[in-house]
Structures are given as C-alpha cells and as structure tokens.
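As given, the protein sequences belong to chains B and A, one line each in that order.
Position one of the first sequence corresponds to residue 5 (our numbering), numbered consecutively onward.
Position one of the second sequence corresponds to residue 17 (our numbering), numbered consecutively onward.
Hints are computed from structural coordinates only; laboratory data are not their basis.
Keep in mind the model is a prediction, meaning the values are calculated, not measured.
A hint or two may mislead.
The calculated lysine-lysine pairs, modelled on DSS-like cross-linking and capped at a C-alpha distance of 27 Å, are [as the list claims (entries may be wrong)]: (1) A:LYS690 with A:LYS339; (2) A:LYS690 with A:LYS735; (3) A:LYS81 with B:LYS80; (4) B:LYS82 with A:LYS81; (5) A:LYS704 with A:LYS750; (6) A:LYS322 with A:LYS339.
Here's a subset of chain A near chain B, in silico, CB distances under 10 Å, partners left out [claimed, not checked]: (7) THR18; (8) LEU24; (9) LEU25; (10) ARG27; (11) ALA35; (12) GLU36; (13) LEU45; (14) ALA52; (15) GLU55; (16) ALA77; (17) ASN83; (18) GLU86; (19) GLU227; (20) ARG770.
If we take Cβ atoms under 10 Å as the criterion, some of the chain B residues that face chain A in the derived model are [stated by the list, open to error]: (21) GLN23; (22) THR24; (23) ALA27; (24) HIS32; (25) GLY33; (26) GLN52; (27) THR54; (28) ARG65; (29) SER75; (30) ARG79; (31) ALA81; (32) LYS82; (33) GLN93.
Just so it is clear, CB atoms sit at the ideal spot from N, CA and C, and this is done for glycine as well.
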Amino acid sequence: MSPSKLDLLQGTLDLMVLQTLTAMGPLHGYGIARRIEQVSGDAVLLNQGTIYASLVRLQQRGWISAEWGTSTNNRKAKFYSITKRGRKQLSEDTAYWQRLSDVVGRVLALPEGSSEK
Amino acid sequence: MTYRLRELLHRLRSFFRRAEQDRDLDTELSSHLEFATEENVQRGLSPDEARRQALVRFGGAPQAKENHREARGLPFLETLLQDLRFALRMLHRSPGFSLLAIFCLTLGIGANAAVFSWMEGLLFRPYPLVANQERLVALTGTTQADRTGLSWPDFLDLQRNCKLFDAFFVSKITGTTLSLGDRAQVVTGSIVSSNYFPALGIHPILGRTFEAEEDVGHSAHPVTVISYQLWKDYFGGDPQIIGKTQRMDGIIHTIIGVAPEGFYGTFVGWAMKFWVPASMEDTFEAGGYKLEDRGERWIEAYGRLKPGVTLEQAQQEVSALAKRLEMDFPETNRGRGVKLWPLWQTPFNNAGNLLPTLETMLVVVVFVLLIACANVGNLLLVRSFARRHEITVRVAVGAGRRRLLQQLLIEGLVLSALAAIGGLLIARWCSHLLVLLLPVRNGNAMHLPGEMDWRVMALSAAVCLVATLLFTLVPAIQTRKIDLAGTLRSEMAGVARGHKKSLVRSGLVVVQVSLCFMLLVEAGLLLQSLQKIRSDSPGFSTGGVLVTAVNLAASGYDVQRAKSFHDELIDRVQALPGVESAALARMTPLGYGTFSSAPIVMDGYQPPPDEQPSVDYNQVGPGYFATIGIPLVSGREFTRSDNETGAPVAIVNETMAGRYWTGKNPLGERLQAKGKWMQIVGVAKTSKYYSMRELPKPFFYVPLRQNFSVGAALTIRTKLRPEIMAAALSRALKAIDANLGLYELISLQEQLDRSTSAQKVAVTLTGTLGGLALVLASIGLYGVMSYSVSQSTRELGLRMALGARTSELFRLVISRGLVLTFGGIFLGAALAAGLTRLLGYLLYKVSPRDPLAFGYAFLVLTIVSLVASFLPAWRATRVDPIVALRYE
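Okay, chain B solo, but in the shape it has when bound (with noise of 0.2 Å):
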C-alpha cells in the first residue's frame, strides 16, 4: 500500500469523526466506531481498533478534545467532544472534500474514448 493512499484513508477517517463528534455530541471510542458503522451500513470501518490513532492525532491536533467520564451503563471511558478549531477544520473539510468528489466524479464520467479527436 502506497504512503499517498494510506494518508487518504486517514484523513477520510479522521474526516468521519469529526462529522460524527458534531452530529452526535461527546461520545466514547465505541460510540463513534459504533455511529460510523451504522451510518456507513457497516460498509466503512473493517477494524475498530484503527479509530484510536485517528482518535489520538486528532486529539493531538487540537480539534478534538477528550475527557474521563461514566457511561450511562456505569463504565469508565474516554468521552471526546469536538473543539471550537476541530468544527473550523471540519467546515474546511468538508468544503475540499466535496470539491474533491465533484472533481473525480466528473473525470470518472468522461465518456471512453473522449480524449482522441
């Protein structure tokens, strides 16, 4: 797997979390997993654990932060909630993002053939 590729993934995830911080209010690692999965209809996410690095870089960037908490069944867990820069980053996001796709879809629907004249 190509570094370019791999960076891709990345930022799509840390992308995902930061809209599901925003939809969702402070949630623990596997609320967000959890919401990711049923948004996505279980299409997106292979493996849990990979949310924790995406969870740590954004926390270490500064968009989101992260705080002990109790869960409503009484566990200890690591509630994350998005921060004031993380919603400015996930505006700026987003933006790119659909850019991006609009971009990419509209070469993919370039007709075979189209660049030979």
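Go by the hints and put chain A onto chain B.
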C-alpha cells in the same frame, strides 16, 4: 499550518510519557471491548460468543496499540532508540570483538583527525585570532624562473593602486637577543608595515599598535609591540610596561603595546615575540637601508582580498600593476612580476615546506582508515555468521530488510562513534607532535600547532560516517542472502576450496595487504630519499666544519667596532687548539635567512631585452673557501688585503661563469653590482645555497670587508666536537667582550639535516603509519586464517583420518595465507608503480619504482603473513580427527 507544530509538540510530549499513555490506552481499549461485548449480549449472543465477536470487530489489539503509538509519538526516534539499546547490548555481549573493532577504527579515525588538524592549524587557518583567513593571500615577486621577495617601494605601489584588496601588509621574520640574567635568549620577531595589526583585526590588550607614519623613514621610530608570551615571561606581566624601553639589536626601543594572548604573528613555524615597524628595517636586517630601494626584494607580504573577489581577479589586477612597474622602472623591475598564493601554499614560511608532506600524509591516513575498515568489516562478517540464527529468526518473524539494515548500520555507528571519540583524543594528543619531529634552533622550539576546530570535528565525523557505511556494507550485503529454509542447515567451508563468504573476507584481506604494501613502499622510498639527501654532497664539507654566529648588533656594535672585533675574533679562534682554520661570512649555506641579491651588469654580456640579470651573493671573509671546503676551480680566494683599501674583487661560481661568460675564462673580467665594478679573481665550484634540492644556480662572493655587515656567521674547520668547541669558543669570546652572546654552535651536517627536516617528518610519519597499517593488516590476515581453520575443522579431521600428515596440513594453511598475501602484494605493486610518483617533491634521487623499496616491502609483508598464519596453521595440525569428525 499551525496544527502541525501543535501535533509535533504533542508527539514530543507523548514520547517522554509513553508508559502513562499506554496505561490510558489499555483502559480505553478494555472498556471498548466491554461495551461491544455488552451490546452483543443484548443482541442475544452467549457471553463467550459476544466476547469473541467483539474481538473480531475490534481487529488486533497489539496492532491498534502499535498504530496508536505511531500516531501519537515519534516512531522513528523510538525504533532508533530501540536499535541503539540493542546495539549496545550486542557490543556488550562480545567485548573482545567490540574492543578490537573500536581499536582499529580509533587508529584509523585518529590518524585522519590528526592530519586534518595539522592541515587546519598550519595551512588553512594558521593564524589564531585572525578573522577571515580564507581571504588572506601571500605575495611574492617573480622572475622568469624563480620567486623572490617584494621590494618596499613595489609594496607601497600595490597598496596605493589595487582596488580589489582590503589591505596589504608586510611581515618579515627577524630575531634579536634578549639577555635574561647571564643567559642570552634568541627571540623571533617580525618587521611589519604599520597597518599590520589593524589589517589582521588584532587589538592590543595594553597600549597601542603602530601609527601610519611609523613605517616611514630610516630608523626613525624605535618602537615595538611585544607578544603576550614575552610580556609574561620576560617582563613578568608588568602592567606598567607601556612606555618602558628595551634594547634590541643595539637600539633602545620603546614598548608601545602588548598583543593579545594566542596571537603568534603570521609565520607558520615560529611564534613571534615582538614586532617592529618597517622603518627599523636597517637595524634588524643585514644589507643596509632598503626602504627606498626598488631592487632590494626582501619583504614577505600578505594581502586580504575584498569579499567575493577571486584569486584570479586579484592576480589580474596585481599583474597589471606589475606590468606598469616594469615600464616605469625597467632597471629594477624588467622581467619581474608579482604572484598571489593561497595561504596554504605560502612559499616563504613552513607552510610551503610542510605542504607536500601533509598532502602525502592525507593519502596515507586514508589508506590506514581503509585498512581499519576492512578489518572491522571482516570482524562484522564473522559475527554476522555467528548471528545468522538471530537474523534469520528476525526475518522469519517479519522484520523488514530496511529495519535489519538500520539495525546493522546503528551497530556500526555505535562502534565508529566510540572510535571517533578515541580518535579525536588521539588527534588532540598528536596536535603538538610535529614540533617534536623538528629541530630546536637556538633554544627555541618551533611553533606548529594542530587546530581542532569545528571544521576538523565535522570532517572527522564525516569520515566516521563514510567508514561506517564502508564496513557495514559487507555484512549488510550478506543479509540479503539469508535463506529462511536453510536456517538449521549448518554450513561447511574448506580451507583449500573457497566458499562464497570466505571469498568476501579473502577479498578484504587482499585489499588490506595491497594498501599496506603501498604504504611500505612509500615509507621505503622516503627513507631512501632522506638517506640520500643527507648523505649527498652539498658542494662543501659537512663534516669537520662548525658554524655559529655572534650577534654584534644586539650588543650595539657600530661598523668600526665590529670590524676590529671580527679581526680579533678570527685571530683568537684560529689560535684555539684543534682549529684548522676559521672564517667569517654574512650567511652560511642551507641556514635560515636570505642571501643578498642584486641586479648585475657584466663586461661583455648583453642581456636579452626582457631580462634583468640578478644574482644572489654572499659576503665572505679571508679563508672562507678553505674553511668551508668549497674548492676553487681557478684563481684565488679572498685574503686580508681584499679590504676597504684594496681594489674591489669578486669570485663567481661555475654556473655563473658558464651562463654569462660562456666559453671564456671569467678571470680578470668585471662585474657590477650595487653600483660598484669588481674584478673577478676566482671561480668556485657550484654548491648548494638555499636547499639541497635546488638546481645549480649562479652565485658570487664578495669580500666581507668591502661590503661590510656587522652581523656575521663564523665557520670553523676543526675535528673537535661542537660541545667541546663551544666551551673554548665561549671563553675566547668572553675575553674580547664579556657581554657578547653566542648563537648555537652546530656542525654543517646538522645545518643540512635541519634544512631537510620536512623529509624527516615525512619519513617518521609514513614509517609510523606504515607500521600501524602492518599491524592492522596482520590482524586481518590472522583473523581470516584462524576463522577458516575453525570452520574447516571437519575437513581437516577427514584429511587426517585419511592419512594426511601434520606437515601437509600445516603447509596447506600456510600456503592459503601466502596466496592471499601474494594476491595483495601483486595488486599493491601494480597500484604503487603508478602512484608513488605522486610523492614528487619528497623524493630525492630515488626512482618512484625503486626496486629496493618494492623488494623490502615484499619481504616484510611475506614474513608478517607467515607469522600471522603460523598460529592458525599450528592449530590445524592439532585437530583431533575423532573430535573433528564428530564436530557439529
């Protein structure tokens, strides 16, 4: 992108809080699994199945942790630290190997660092405290064939007209005698232009330096700046020193300043103790007042280029000016140019003298380093066989090749970093070594310090890196061949039949032997050169003639007093028991100093339009030729009647006679120098004047009395030893004037030896390093031989069981060692035959392909290789066939 910075800071923090973060993550992951299991149980799965499914969905926990660590910390640094710890553990586990490898590398790196520090301290940045030395250039005058000094008027013209220079300054070495109680001490100093200190950017720690007008006039400004050392040692660090006076060469000088500590002037080889302005030239230089004489080329000058000016541009400007001077002053400047030299090629101090030696040393130490690298490579290779199992296991559990290479490289770096520390210590210790190899003159040791600045450190570090790459390359290539399936299969190697791996090792030994051979050949050639140059006839007697000098100027003698002193001295010395004859001369050959030189005109010789003949000459007293042993071809030698009242006369040498009176006898012809016509009364054999390697050059002699110089050298022909003679001479001198001090009394052979001390340095260093190389190469050979014997125990046992006699086994191992050695010698001889001529200047009447040097190198290496393979061979004969066959 400020978040990148934030991330980096966090990563750095995480790096130092790994344990805490791992604990946090563990808690988080376990609660994750519990959430998942709980949810699965709610969906109706059994607890075990719920847990299993949770784990499956989670993926590998170790992998998640690893990803987490990589995302939060500094993964590169972490693996590096891991490798470093592992490397240290491995080195610690086999201390013998580690110490031997570090020892070899320390020698290699240390030798390199020492030579770098000498080059830095003597050639590239020889003048401590002086800023921007890379912009300094040395200046000399040129004739068609030769180089000369510059004249003061030419120097002033350069200063006035050249726009590409910040400054030109003069520094001409001189000396004086200071009396310390009852002992006289000779100290070196410089005659300098008044801008000397500002041009170098040196500020006095006390008082002032010279004013602009202080280098103008004839003995008009008896002032001096003294060195920190002199101030401390001689004046006891007197804080009130400024304004005090000191008698130097008979003139009372006022001390106006003290130079800062660590400033030694600008002459590679000697630490200056005092500086006087150029206006005092007549006091310190023989040959009269020269500041207004364009024909007297006595000064040694430097210039500082403006920033960004290249040597070529500056040379063009200077050459253009020299052309103009040729037109304006044809009688002194016709055919004369001015040449710029980069500082490290400065021809008039010991930089030029040591340059070829240091260049050669640079090649030699690279050879030594290569030999050391080959040794360490070999050691690592042996160990990589021993570690095959470990490495194979690591590959089997999924270590990438890159990671393995990184591991090997780090082990290598640890070795060479330890060696570099040792090497730099060696270099530091060696930085004053050169001085020990050079003679002490008049009680003064030379000043030739190495310099360990950041450039030397950086270069040594670079050498260290390159060496690491070189010696880890070998086992690294080996890892490529790792064959997983073959892990448990043991390997067998024979003594006689070369296995692939032993081929690499044998190759390394061949390279080592060939490098070693080249060094030995070189050492042999240099040794022969030294012997030749020291035993060659310089054209005068070297045995049985002693030379010394009396510093009359320092004791304030004027010309009249000096003349009567000279007469009395010669009379008294000739009356001493054991003295055959004695004579005075302004200079003795091969000493340090400059002969007088003058443009000359000759009867019957019309010089070509672009040439103004100018010849060096010496002022000598009666009996000089007989005393020093230069034979006269025809005519007579000077006598006492060749004095002020006698007709001016001269004696020319054969080379001069042949050049200017071709086919004629010059006796009775006339020669004009310094505006005086002299009749030629004798022709002397050509001898050596400045150096043993000079080509025969025109030279003439004039009577000392007709061209008087207060300071003069005394030559004595005697069979007595210098120590015995010195005592008698000193008594004779005290009888005339109790205040006079005598310079060192040495034989002419000693003077010749000193003039060839650069050769001696080269021989000593090459010899030492050659010996070192020999030791390293024999370690390499021994290692390879004993390893191959230990690897082929089984084969040896089999041979023995089949009836081979011990002597045959012995011969088998020895002959394998010899094959390697001869291979190396063959390669080395081929390379040496091409390379030794690069020694050029250092060789004296020895062919670069001298069979003796090659033969002796061959012999030494053969013997060493026999010795190195003796022990392994002996061990081979002690193999017990029963044990050997059961081996493995």
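Structure-based check of each hint:
1. A:LYS690 with A:LYS339: 24 Å, holds
2. A:LYS690 with A:LYS735: 39 Å, violated
3. A:LYS81 with B:LYS80: Given pair LYS81 (chain A), LYS80 (chain B) holds - Cα atoms ~19 Å apart, limit 27 Å.
4. B:LYS82 with A:LYS81: 16 Å, holds
5. A:LYS704 with A:LYS750: Answer violated: LYS704 (chain A) to LYS750 (chain A) is near 33 Å, above 27 Å.
6. A:LYS322 with A:LYS339: With Cα atoms ~22 Å apart, LYS322 (chain A) and LYS339 (chain A) stay inside 27 Å; holds.
7. THR18: Check passed: Cβ of THR18 (chain A) comes within 9 Å of chain B, closer than 10 Å.
8. LEU24: For LEU24 (chain A), the interface hint holds, since the closest Cβ of chain B sits about 9 Å away, which is under 10 Å.
9. LEU25: 8 Å, holds
10. ARG27: 7 Å, holds
11. ALA35: 16 Å, violated
12. GLU36: Violated - the Cβ of GLU36 (chain A) stays beyond 10 Å from chain B, reaching only about 13 Å at its closest.
13. LEU45: Since the shortest Cβ distance to chain B is 7 Å, the answer is holds.
14. ALA52: Because about 6 Å separates ALA52 (chain A) from the closest Cβ in chain B, which is inside the 10 Å limit, the hint holds.
15. GLU55: 8 Å, holds
16. ALA77: Check passed: Cβ of ALA77 (chain A) comes within 7 Å of chain B, closer than 10 Å.
17. ASN83: Since chain B brings a Cβ to about 4 Å from ASN83 (chain A), closer than 10 Å, the hint holds.
18. GLU86: 7 Å, holds
19. GLU227: Where the cut-off is 10 Å and the nearest Cβ of chain B is about 66 Å from GLU227 (chain A), the hint is violated.
20. ARG770: Because about 67 Å separates ARG770 (chain A) from the closest Cβ in chain B, which is outside the 10 Å limit, the hint is violated.
21. GLN23: 18 Å, violated
22. THR24: 16 Å, violated
23. ALA27: ALA27 (chain B) check fails; min Cβ-Cβ to chain A is 19 Å, beyond 10 Å.
24. HIS32: Holds. Min distance 7 Å.
25. GLY33: 5 Å, holds
26. GLN52: 5 Å, holds
27. THR54: 6 Å, holds
28. ARG65: 4 Å, holds
29. SER75: 7 Å, holds
30. ARG79: Nearest chain A Cβ about 5 Å off; hint holds.
31. ALA81: 5 Å, holds
32. LYS82: 5 Å, holds
33. GLN93: Constraint on GLN93 (chain B) satisfied, holds at 8 Å.
The earlier numbered hints that this structure contradicts are 2, 5, 11, 12, 19, 20, 21, 22, 23.
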